[in-house]
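*Asks:* Use the sequences and the hints to build the structure in full.
Protein chains: 2
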Amino acid sequence: MIKIGICGLGTVGQSSLEHIIKFKNEIRSNVNVDFEVSHVADLAIESKKLTNHNIIATNNAMDLVKDPEISIIIELIGGTTAALEIITESLKNKKHVITANKALIAEHGNEIFKLARESNSFFGFEASVAGAIPIVKVLTQSMSNEKIFSISGIINGTCNYVLDQMSNKKINFETALKDAQKLGYAEADPSFDIGGNDAAHKISILSSLAYKIGLPYKETYIEGIKNITPMDIKFADELGYTIKHIGVTRELDKLIECRVHPTLVPKNNILSQVHNVMNAILVKGERFGTSMFYGHGAGGDATASAIVANLVEAINFSQEIDKSNLKISHSIGTLNRKIKNIEQVESSFYLRIHAKDVPGVMAEITNILANEKISIEAVSQHEPEETDSLIPIVMITNSVPGLCINKAIDKIQLLKNVDDKVNSIRVLKLNEK
Amino acid sequence: MIKIGICGLGTVGQSSLEHIIKFKNEIRSNVNVDFEVSHVADLAIESKKLTNHNIIATNNAMDLVKDPEISIIIELIGGTTAALEIITESLKNKKHVITANKALIAEHGNEIFKLARESNSFFGFEASVAGAIPIVKVLTQSMSNEKIFSISGIINGTCNYVLDQMSNKKINFETALKDAQKLGYAEADPSFDIGGNDAAHKISILSSLAYKIGLPYKETYIEGIKNITPMDIKFADELGYTIKHIGVTRELDKLIECRVHPTLVPKNNILSQVHNVMNAILVKGERFGTSMFYGHGAGGDATASAIVANLVEAINFSQEIDKSNLKISHSIGTLNRKIKNIEQVESSFYLRIHAKDVPGVMAEITNILANEKISIEAVSQHEPEETDSLIPIVMITNSVPGLCINKAIDKIQLLKNVDDKVNSIRVLKLNEK
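Order-wise, the sequence lines are chains A and B.
Sequential numbering of the first sequence, starting at 1268, is according to the numbering used here.
Sequential numbering of the second sequence, starting at 1268, is according to the numbering used here.
I should point out that these hints are in silico values taken from the structure, not numbers from a laboratory.
Quick reminder that beta carbons are idealized off the backbone N, C-alpha and C, glycines included.
Mixed in with the good hints, there may be bad ones.
Only pairs whose alpha carbons sit at most 30 Å apart, straight line, appear in this in silico DSSO-like list of lysine-lysine [unchecked claim]:
hint : chain 1 : residue 1 : chain 2 : residue 2
1    : B       : K1605     : A       : K1289
2    : B       : K1700     : A       : K1449
3    : B       : K1291     : A       : K1414
4    : B       : K1289     : A       : K1696
5    : A       : K1605     : B       : K1289
6    : A       : K1521     : B       : K1605
7    : A       : K1381     : B       : K1291
8    : A       : K1289     : B       : K1521
9    : A       : K1501     : B       : K1700
10   : B       : K1700     : B       : K1414
11   : A       : K1551     : B       : K1551
12   : A       : K1270     : A       : K1289
13   : A       : K1291     : B       : K1414
Which chain A residues stay away from chain B? Per the calculated CB distances, all over 12 Å, these [unchecked claim]:
hint : residue
14   : D1301
15   : K1316
16   : I1323
17   : N1326
18   : E1378
19   : L1519
20   : Y1561
21   : V1575
22   : N1577
23   : V1625
24   : M1629
25   : T1633
26   : Q1648
27   : Q1680
28   : S1691
Quick list of simulated restraints, FRET-style, between CB atoms [unchecked claim]:
hint : chain 1 : residue 1 : chain 2 : residue 2 : range
29   : A       : N1299     : B       : E1505     : 53 to 59 Å
30   : A       : K1445     : B       : I1288     : 56 to 62 Å
31   : B       : G1507     : A       : E1303     : 45 to 51 Å
*Replies:* Written as structure tokens, this is what we have:
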């Protein structure tokens, strides 16, 4: 009998417990030994309803970590303090660990994977990236036998919902965010999602898995969505693009890109068709070509589904049926690759410039771009929003390093007849690797 | 040293060999033992160029099957005669087997899985359904711990390409098919793809995996795309749908549906955004919700990528690192479920009826539908294509069994003022499980 302890009975913890009980038969058919959730811990354990009275409940998660009877710890507390102690102590105690804690892995992954390696323990974190999408399994197993060119993912449901609503309802960022909060798709303090940090945690994990590097979170470029305006969405739409918040990791000439930011996605790229709070991850490889995985990125049941998939693996690991999980902790950090500074990262750019309607201003702008060796692939000049106001000029450039664009923007912003706030957004090209 | 034999050096065989050689380091990092392709067999082996002169080449695949040194056989001959012998004899000889042969599994799967079970051998067939999409792994591992409501897949690239071209270029079936043949997306004799048999093989395999039933190929309802007209595509588009060729398997009240046919897919369902020859499989589950997996369904490199993913599993299976593959052969056929006759299968229907522009004809049609308890959710009457010709009337019904629709169509076709060819197409509803 395998005994399992769940630390943290929030939405995901409760749903995991419910899943394990409701689908006991299905899970049992995937393992060769009986199992049960024997212990649960939650700081507010008194307020939790437990229908199964055989489960031992405590408000101290470390009780579970120290209990020699428990062989699998499911950490669903979140955060990077208590959770770190629970996970590191569990691994030191040779327990198998499952977590949904992306922040913890992104920020302390190198230490955690080292411990998992040393203790020969199972460490499962499928739920930490894109909830029910089995991207960890797919990347480390199905796709790990060739060169991965790039991963581009819609990995924050809040950002996707807000941008999708801005696009569909032609509303501004603040209104869309309020709608999202009303529906429970954004937190009361949404800064972590909207600011891009959550997506940055996830893309760091994917980058480590794809390229076998240590967790690159500290070097990940992070930009959120709060500067996206309805005007950008409208102009992008006219040029054939949808604005999405995308996490990208890519290897080019042994240098790694790892970044999250708003991105213009061509409408004929399937990522542009990912709506509401859904997540999707597009992977390009040398042999399999282009694949995309779509599903629920959050929510109790979807996340619990990934936790339970890991649970089956952990049980089979403990029974010597499937030891393949070890490969992950043994491979992360084995390669040493430089992470590109965002100014080195090349892409096409969307530029929105507001200028006075006077002769010569377009010539001034295009001269500055030409001097930085930036060519213009598409340009459109729009009617001013009000009479006598500045005229919006929108451009798509060729693929150039961020530094070139920044230099050009600095110069354009100094022009007498141009507003000093030029907006730039990176563009995902359909044919780039 | 694990020795591998490849039977069949067509596109996929050549590409698999190339993949194994080119990405030897990546593959080697996923296994704990050295390996090599030691033997290849092809009926026309003389015409094949082998750059590695250490590989033993023969035109008799059974030489490989009988060779005690070879522990893994990769069958890429195709067909259901020689391939059946190769696979069954390999399993009897306790070799591990990998194949891309969907026809063989759909038609002889029960026998093959029984042999794999009895010989405790690895049997890998990831490449048999949707090429590079790791749907076999995902269904049998990540998603096997809960109730799968349904699987709906675009699993034949030829059909998808032809329908997509008909839609984009407003051309008819014959022209689109000729274009597909020119580009190599359709065979010289395309009947197997266009007629739905290939998709039926694949959906049968997915149905077995999801519902643990024996291969339901013989009871699978098969309908191809040759009766779809540009008019249907246009009318569907106006009603908010795209016509796709979809394979569906679904469990409802312990009865299984297994069918392939043209389907109206709502434009806000992500399946409708799968273009060209791409494949995509949408899975609905009780806990994970809706997931979708998209990628290349065919082509040498994409298929080889799945073969190589299986190869790593087979090597790890042989080294006792990952025995989870056994679960598949042990689970298929363990449940006994009736497959619904297509006339029992409920769905919404699209009906296209051509009628004379005379008073009362609409009343006659709607009375017939009402008598069969079919209600109309949307209706549109179009201008006749030429003066005095029949008027097309298009309807979307509520969800009813196929039998009701067939009865109604029989009666409508007998009406004096109605053309005797009523076209019906099933509709995939967004909110159905």
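*Asks:* Does each hint fit the structure? Answer for all of them.
*Replies:* Hint check results:
Among the hinted pairs, K1605(B) with K1289(A) is consistent with the structure: their alpha-carbon atoms are about 24 Å apart, no more than 30 Å. With a C-alpha separation of about 27 Å, the suggested pairing of K1700(B) with K1449(A) holds against the 30 Å cut-off. Between K1291(B) and K1414(A) the CA atoms are separated by roughly 11 Å; this keeps the pair inside 30 Å, and the hint holds. For the hint linking K1289(B) to K1696(A), the alpha-carbon distance of about 28 Å falls within 30 Å, and the restraint holds.
Our distance criterion of 30 Å between C-alpha atoms is met by K1605(A) and K1289(B), whose separation comes to about 24 Å. Restraint check for K1521(A) and K1605(B): not satisfied, since their Cα atoms lie roughly 54 Å apart, outside the 30 Å limit. For the proposed pair K1381(A) and K1291(B), the alpha carbon gap of about 26 Å is at most 30 Å, so the pair holds. Under the criterion of a C-alpha separation no larger than 30 Å, the hint pairing K1289(A) with K1521(B) is consistent with the structure, at around 18 Å.
A C-alpha spacing of about 35 Å is found between K1501(A) and K1700(B), which places the hinted pair above 30 Å, so the restraint is violated. Among the hinted pairs, K1700(B) with K1414(B) is consistent with the structure: their alpha-carbon atoms are about 11 Å apart, no more than 30 Å. For the proposed pair K1551(A) and K1551(B), the alpha carbon gap of about 25 Å is at most 30 Å, so the pair holds. With a C-alpha separation of about 17 Å, the suggested pair K1270(A) and K1289(A) falls inside the 30 Å cut-off, and the hint holds.
This hinted pair checks out: K1291(A) and K1414(B) have alpha carbons roughly 11 Å apart, not beyond 30 Å. Listed as a non-interface residue, D1301(A) keeps its Cβ farther than 12 Å from every Cβ of chain B; the least gap is roughly 15 Å. Every beta carbon of chain B lies more than 12 Å from that of K1316(A), the smallest distance being close to 20 Å; the non-interface claim holds. Listed as outside the interface, I1323(A) is consistent with that label: its C-beta sits roughly 24 Å from the nearest C-beta of chain B, beyond the 12 Å cut-off.
Interface exclusion of N1326(A) from chain B stands, the closest Cβ pair being 27 Å apart, more than 12 Å. Every CB of chain B lies more than 12 Å from the CB of E1378(A), the least distance being 22 Å, so the non-interface label holds. For L1519(A), the condition that its CB be more than 12 Å from all CB atoms of chain B holds, with the nearest at approximately 18 Å. The non-interface label for Y1561(A) is inconsistent with chain B: the shortest C-beta to C-beta separation is roughly 4 Å, within 12 Å.
Against the 12 Å criterion, V1575(A) falls within the reach of chain B, whose nearest CB is about 5 Å from its own CB. Distance check for N1577(A) against chain B: the nearest CB is about 9 Å away, which does not clear 12 Å, and the non-interface claim fails. Distance check on V1625(A): its Cβ is at least 43 Å (rounded) from any Cβ of chain B, clearing the 12 Å threshold; non-interface status holds. At roughly 36 Å, the least C-beta separation between M1629(A) and chain B is larger than 12 Å, which holds for a residue marked as non-interface.
The Cβ of T1633(A) lies farther than 12 Å from every Cβ of chain B, with a closest approach of about 35 Å, so its non-interface assignment holds. Every beta carbon of chain B lies more than 12 Å from that of Q1648(A), the smallest distance being close to 30 Å; the non-interface claim holds. The claim that Q1680(A) lies off the interface holds: its Cβ sits roughly 38 Å from the closest Cβ of chain B, which is beyond the 12 Å cut-off. Every beta carbon of chain B lies more than 12 Å from that of S1691(A), the smallest distance being close to 28 Å; the non-interface claim holds.
Distance hint check: the CB atoms of N1299(A) and E1505(B) are about 55 Å apart, consistent with the given range 53 to 59 Å. Distance hint check: the CB atoms of K1445(A) and I1288(B) are about 57 Å apart, consistent with the given range 56 to 62 Å. Separated by about 49 Å at the C-beta atoms, G1507(B) and E1303(A) satisfy the suggested range of 45 to 51 Å.
Of the numbered hints given earlier, the model fails hints 6, 9, 20, 21, 22; all others are met.
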